Amino acid sequence: GESVGLHLPTLSVQEGDNSIINCAYSNSASDYFIWYKQESGKGPQFIIDIRSNMDKRQGQRVTVLLNKTVKHLSLQIAATQPGDSAVYFCAENISHNFNKFYFGSGTKLNVKP
Amino acid sequence: NAGVTQTPKFRILKIGQSMTLQCAQDMNHNYMYWYRQDPGMGLKLIYYSVGAGITDKGEVPNGYNVSRSTTEDFPLRLELAAPSQTSVYFCASSYGTGQETQYFGPGTRLLVL
Numbered sequence: 001g002e003s004v005g006l007h008l009p010t011l012s013v014q015e016g017d018n019s020i021i022n023c024a025y026s027n028s029a030s031d032y033f034i035w036y037k038q039e040s041g042k043g044p045q046f047i048i049d050i051r052s053n054m055d056k057r058q059g060q061r062v063t064v065l066l067n068k069t070v071k072h073l074s075l076q077i078a079a080t081q082p083g084d085s086a087v088y089f090c091a092e093n094i095s096h097n098f099n100k101f102y103f104g105s106g107t108k109l110n111v112k113p
Numbered sequence: 114n115a116g117v118t119q120t121p122k123f124r125i126l127k128i129g130q131s132m133t134l135q136c137a138q139d140m141n142h143n144y145m146y147w148y149r150q151d152p153g154m155g156l157k158l159i160y161y162s163v164g165a166g167i168t169d170k171g172e173v174p175n176g177y178n179v180s181r182s183t184t185e186d187f188p189l190r191l192e193l194a195a196p197s198q199t200s201v202y203f204c205a206s207s208y209g210t211g212q213e214t215q216y217f218g219p220g221t222r223l224l225v226l
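Going down the list, the sequences are from chains A and B. Going by our numbering, the first sequence opens with residue 1, and the numbers climb by one from there. Going by our numbering, the second sequence opens with residue 114, and the numbers climb by one from there.
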């Protein structure tokens, strides 16, 4: 999961395995969530989003699961590749704060060849 | 499309100096944002703009100023730089109207000594 501080949690996986990255969000009123990928020295890049009226959404090789009961979000990456190595973080948004997102600190994914 | 561009990529400032971080987007987006990212921390919103001539404070606006004279450009001004402003600054844009992904620039790394 994500944490606050200088040391990001790290997930190490073997190339070809599936990865699961977790995020605990803070506000039960949040109704829109985004997962971002940030490679070293680059800006965040959109991966997938989900609204609170859904509990699962699939993209290409990625799936986001939302559990509103426990305020938990997860990102599943299938057949992880070396190019997936990056920091992944989630963002939450409340509909009445339409242009204000709150970002987690991220999890570092390390894919071993 | 170049997307969101930022200059400079890296800058060292002395305490008390001023500088302007440049941001431009060519996607005709209405909304633009400035974030800072401290090591191991999530993005924090500094200022945002919903259109030319309209700006508003985010979560951490102290020590910064912005302007939005055109749809394309959203410069961030640092007056009297302090060591606490050492960070990586990201500019982002979105089309607007509600909850949707933001497109990020590559970032400006600022070191205040």
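Since the hints were made in silico from the structure, they are not lab data. Here the structure is a predicted model, which is why all the values come from computation and not from measurement. Do not rely on the hints blindly, as some may be mistaken.
What the hints assert, rightly or not - Under the rule of at most 20 Å between Cα atoms (straight-line distance), these lysine to any residue pairs were calculated in the SDA-like manner:
(1) K122/B - K170/B
(2) K56/A - N67/A
(3) K170/B - F103/A
(4) K42/A - K122/B
(5) K42/A - K170/B
Unchecked claim - Label pairs and their calculated CB-CB ranges:
(6) G129/B - Q14/A: 48 to 58 Å
(7) P82/A - D151/B: 23 to 33 Å
(8) L11/A - T183/B: 15 to 25 Å
(9) P196/B - T10/A: 24 to 34 Å
(10) T183/B - N18/A: 10 to 20 Å
No residue lacks a Cβ here, since even glycine has one placed at the ideal position from N, Cα and C.
Item to check | Distance restraint between K56/A and N67/A, which requires alpha-carbon spacing of 20 Å or less | outcome: holds, 9 Å
Checklist entry - Has the given pair, K122/B with K170/B, been kept, meaning a C-alpha gap of at most 20 Å? => result violated, 24 Å
Item to check | Supplied distance hint 10 to 20 Å, evaluated on CB atoms of T183/B and N18/A | outcome: With Cβ atoms ~46 Å apart, the hint is violated.
Next on the checklist: Against the range 24 to 34 Å, how does the distance between the Cβ atoms of P196/B and T10/A compare: consistent or not?
Outcome noted: 28 Å Cβ-Cβ, so the 24 to 34 Å window holds.
Checklist entry - CB of G129/B to CB of Q14/A, is that within 48 to 58 Å? => result Check passed, 51 Å falls within 48 to 58 Å.
Checklist entry - Taking 20 Å as the top limit, are the C-alpha atoms of K42/A and K170/B close enough? => result This hinted pair is violated, its Cα atoms lying about 25 Å apart.
Next on the checklist: Tell me if the straight-line CA distance from K42/A to K122/B falls inside 20 Å.
Outcome noted: At roughly 10 Å apart (the allowed maximum being 20 Å), K122/B and K42/A satisfy the hint.
Checklist entry - If you draw a straight line from the CA of K170/B to the CA of F103/A, is it 20 Å or shorter? => result holds, 17 Å
Checklist entry - Can the suggested window of 23 to 33 Å be confirmed for the beta-carbon pair P82/A and D151/B? => result With a Cβ separation near 28 Å, P82/A and D151/B satisfy 23 to 33 Å, so the hint holds.
Checklist entry - Per the hint of 15 to 25 Å, is the separation of the Cβ atoms of L11/A and T183/B within bounds? => result Roughly 42 Å apart at Cβ, these two residues miss the hinted range, so it is violated.
Violation of the numbered hints given earlier is confined to hints 1, 5, 8, 10; the remaining hints are satisfied by the structure.
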